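Take the given structure of chain A and dock chain B to it, following the hints.
Residue numbers (our numbering), protein chains in the order written: chain A, 1 to 206; chain B, 1 to 206.
No lab work stands behind these hints: they were computed from the structure.
Any given hint could be a false lead.
[Stated by the list, open to error] Straight-line distance between alpha carbons at most 27 Å, and here's what the computed DSSO-like set of lysine-lysine pairs gives: (1) Lys-76(A) / Lys-76(B); (2) Lys-25(A) / Lys-168(B); (3) Lys-13(A) / Lys-108(B); (4) Lys-126(B) / Lys-70(B); (5) Lys-88(A) / Lys-121(A); (6) Lys-88(B) / Lys-108(A); (7) Lys-88(B) / Lys-5(A).
[Said to hold, decoys possible] Partial pick of chain B residues on the chain A-facing surface, computed with a CB cut under 8 Å: (8) His-40; (9) Thr-41; (10) Lys-76.
The structure presented is a predicted model; accordingly, all values stated were derived computationally and were not measured.
The beta carbon of each residue, even a glycine, is placed where N, CA and C say it ideally should be.
2 protein chains.
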Amino acid sequence: MEYIKDPFEIEKKSFEIITQELGEKTFPEKEGKIIKRVIHTTADFQYADITKISGDAISSSHDALRQGCKIYTDTKMAMSGINKRTLKALNSEIYCLVDDPQVVKEAKERGLTRSMVAMEKAVADKDTKIFVIGNAPTALFQLCQYIDEKRIHPHLVVGVPVGFVGAKESKEALLERDVPYITTVGRKGGSTVAAAIINALLYMMN
Amino acid sequence: MEYIKDPFEIEKKSFEIITQELGEKTFPEKEGKIIKRVIHTTADFQYADITKISGDAISSSHDALRQGCKIYTDTKMAMSGINKRTLKALNSEIYCLVDDPQVVKEAKERGLTRSMVAMEKAVADKDTKIFVIGNAPTALFQLCQYIDEKRIHPHLVVGVPVGFVGAKESKEALLERDVPYITTVGRKGGSTVAAAIINALLYMMN
Numbered sequence: 001m002e003y004i005k006d007p008f009e010i011e012k013k014s015f016e017i018i019t020q021e022l023g024e025k026t027f028p029e030k031e032g033k034i035i036k037r038v039i040h041t042t043a044d045f046q047y048a049d050i051t052k053i054s055g056d057a058i059s060s061s062h063d064a065l066r067q068g069c070k071i072y073t074d075t076k077m078a079m080s081g082i083n084k085r086t087l088k089a090l091n092s093e094i095y096c097l098v099d100d101p102q103v104v105k106e107a108k109e110r111g112l113t114r115s116m117v118a119m120e121k122a123v124a125d126k127d128t129k130i131f132v133i134g135n136a137p138t139a140l141f142q143l144c145q146y147i148d149e150k151r152i153h154p155h156l157v158v159g160v161p162v163g164f165v166g167a168k169e170s171k172e173a174l175l176e177r178d179v180p181y182i183t184t185v186g187r188k189g190g191s192t193v194a195a196a197i198i199n200a201l202l203y204m205m206n
Numbered sequence: 001m002e003y004i005k006d007p008f009e010i011e012k013k014s015f016e017i018i019t020q021e022l023g024e025k026t027f028p029e030k031e032g033k034i035i036k037r038v039i040h041t042t043a044d045f046q047y048a049d050i051t052k053i054s055g056d057a058i059s060s061s062h063d064a065l066r067q068g069c070k071i072y073t074d075t076k077m078a079m080s081g082i083n084k085r086t087l088k089a090l091n092s093e094i095y096c097l098v099d100d101p102q103v104v105k106e107a108k109e110r111g112l113t114r115s116m117v118a119m120e121k122a123v124a125d126k127d128t129k130i131f132v133i134g135n136a137p138t139a140l141f142q143l144c145q146y147i148d149e150k151r152i153h154p155h156l157v158v159g160v161p162v163g164f165v166g167a168k169e170s171k172e173a174l175l176e177r178d179v180p181y182i183t184t185v186g187r188k189g190g191s192t193v194a195a196a197i198i199n200a201l202l203y204m205m206n
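The following block holds chain A by itself, in its conformation from the complex (with noise of 0.2 Å):
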């Protein structure tokens, strides 16, 4: 069988042919790097159309990531699709906190999600300035209501939930904050979206 086996090879291709046949689809130079790097994770060129990038989002992420941050995401595989040596070299870090035992703990006791509980904690943490929510609708809501009552005002939220229950309006909600954020509007999204828009964000800046 012959295939191409260098790396850096199949993916300097592969962002070829995205930007082939996105066409007549073009955007902005930094914005065009996260959009076709989800559709190079995804494979799927409905996220041309529905990736939606506030106008801040770049440059007020890479702000915080230039003075050092921390990230908190709402789920482990996100965490670990993210390029954690780029993270370190720029004095930052990402964690998440649903399978810490006080959050499991509790959730049960109060029948929310860990999802929710974690944000919760996340929110009180001052060194987390971007927020990363690939999984759980009641985490974006909960991070939206804290956005509300004052007591965060992010850098970022990459409001990425999927699925078929809450996650469309978890990201509606997000739309109507004033605050940086990159998601994707509707159903569609996860943890492999979610950790190729924090890599785009990372490689932009080498």
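For chain B alone, coordinates are given in the frame of chain A:
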């Protein structure tokens, strides 16, 4: 903001919506559980058409899991999305070698992807009976070659690489092998799809 907060209620409602929207598109019970969980994790109904499950895939993988086995995956994201508690209860485990220092070193020296070198090592471990390729077409091509060489006869290959260079072709190669498989024809797939397939297989054993 009013929304459903109970995670079990959310999942139940989600599967009801999926079943309803699939309409006349029905599947045998066990296959349906896999396909619906993939749709649940992607919000993409195209998976109803592109997910292919060989006739022996479910029974063969359940045999291996009941006896206790190792599952090898080429992606840390898939590993982190798979229910480890359920696996452990079955006396089974999952591992990934792409970050193994020896693998990283060899891949650089030999000009191969880390996934390929890691696959070489996984195939040499005779307790590894299930292979989950969610990322690298090169790893799936490599595995097909080892099957041809009769170095391994897996109980199941979940072959769902995503992307634009080699993914489609690597899945076509898998379909041509006489081995229990679950795959998604074409470009789509990825680590969330891989994890959803394994989790569906585990949950139906309860």
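Hint-by-hint comparison with the structure:
1. Lys-76(A) / Lys-76(B): Roughly 10 Å between the alpha carbons, so the hint for Lys-76(A) and Lys-76(B) holds.
2. Lys-25(A) / Lys-168(B): holds, 24 Å
3. Lys-13(A) / Lys-108(B): holds, 20 Å
4. Lys-126(B) / Lys-70(B): holds, 9 Å
5. Lys-88(A) / Lys-121(A): It holds: about 22 Å lies between the C-alpha atoms, which stays within 27 Å.
6. Lys-88(B) / Lys-108(A): Holds - the C-alpha atoms of Lys-108(A) and Lys-88(B) are around 23 Å apart, at most 27 Å.
7. Lys-88(B) / Lys-5(A): Violated - the C-alpha atoms of Lys-5(A) and Lys-88(B) are around 35 Å apart, more than 27 Å.
8. His-40: Hint on His-40(B): holds, closest Cβ of chain A at ~7 Å, below 8 Å.
9. Thr-41: holds, 7 Å
10. Lys-76: holds, 5 Å
Violated hints amount to a single one, hint 7; each of the other numbered hints is respected by the structure.
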